[in-house]
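All chains should be modelled from the sequences, with the hints used to inform the complete structure.
Heads up: the protein sequence lines correspond to chains P and C, in order. Here the working numbering is used: the first residue of the first sequence is 1, the next is one more, and so on. Here the working numbering is used: the first residue of the second sequence is 1, the next is one more, and so on.
In case anyone wonders, no lab produced these hints; they're calculated from the structure. One or more hints might be untrue.
Which copy is meant is left open, because identical chains are indistinguishable; a pair holds if it fits in one copy or across any two.
SDA-like cross-link-like pairs, simulated, lysine to any residue; straight-line CA separation at most 20 Å [to be verified]:
no. : residue 1 : residue 2
1   : K47       : S9
2   : K47       : E111
3   : K56       : T72
4   : K47       : D64
5   : K47       : C15
6   : K56       : W28
7   : K47       : T14
8   : K47       : T72
9   : K47       : A13
10  : K56       : A12
Protein chains: 2
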Amino acid sequence: MSQTMPDWSVLAATCPSRTSLARIANKWTAMAVSVLGGGRTRFGDLKARLDGISGKVLTETLRDLERDGLVTRHVFAEVPPRVEYELTELGFTLHEPLLALCRWAEEHIAEVLVNRESYDAR
Amino acid sequence: MSQTMPDWSVLAATCPSRTSLARIANKWTAMAVSVLGGGRTRFGDLKARLDGISGKVLTETLRDLERDGLVTRHVFAEVPPRVEYELTELGFTLHEPLLALCRWAEEHIAEVLVNRESYDAR
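Written out as structure tokens, the structure is:
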């Protein structure tokens, strides 16, 4: 018996899968998921690791990841309140692919910088 | 003899590698590189495949990819002029990782939609 599944395609403008691609194909998502792959992290530590991110953007990024089911938020009733974030099982399936993008950028930036210089000199 | 290499890190706000990550961790880049993995493509065909992209955004996306050395632009002196885009060798090293993100979004969107619904109902 064949399963009937919708034909999801990110190439179709109205396909919901494109909204998921937009969420994961994002530099802050890539960095946050890479760091969270190392384990549960407090908000303040995450903010420090993602050097330069504003509190507002980090909050929005984490909320969107939580909404999509990629991240779990743990709130501890302490004073001051402690909030930790953790990858879900689904979120972990993205850890390797997104870490790969971060590594790609680091491994190829020297070559990319040479390419940019030669493009700009044309 | 050890090689001395700069310690590139996307996590450092001022590291150039972050500009490369921002370029590749992008939905339009992911879609364009996925399609271009199938071979040289005319501008108009690419625009049709990336359903919903504006000419302006596609032009900018391709120019940025060309500047970083991921895409080559071929212009043919025909009437009307024909312009084709092709992945470079460097660009091809991104094909599999970016196609993986597109496939992830398509394979997990059903689960993601359920997660969103349950988040919004809280």
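Here is how each hint holds up against the structure:
1. K47 <-> S9: Classified as between; 16 Å across copies, 34 Å inside a copy.
2. K47 <-> E111: Cα proximity of K47 and E111: none, with 29 Å in one copy and 28 Å across.
3. K56 <-> T72: within (18 Å within a copy, 38 Å between copies)
4. K47 <-> D64: within (16 Å within a copy, 29 Å between copies)
5. K47 <-> C15: Between copies only: 17 Å across, 32 Å inside.
6. K56 <-> W28: within (12 Å within a copy, 24 Å between copies)
7. K47 <-> T14: between (33 Å within a copy, 15 Å between copies)
8. K47 <-> T72: within (17 Å within a copy, 37 Å between copies)
9. K47 <-> A13: Result: close only across copies, 12 Å inter versus 33 Å intra.
10. K56 <-> A12: between (31 Å within a copy, 18 Å between copies)
The structure fails to meet hint 2 from the earlier list, while all remaining hints are met.
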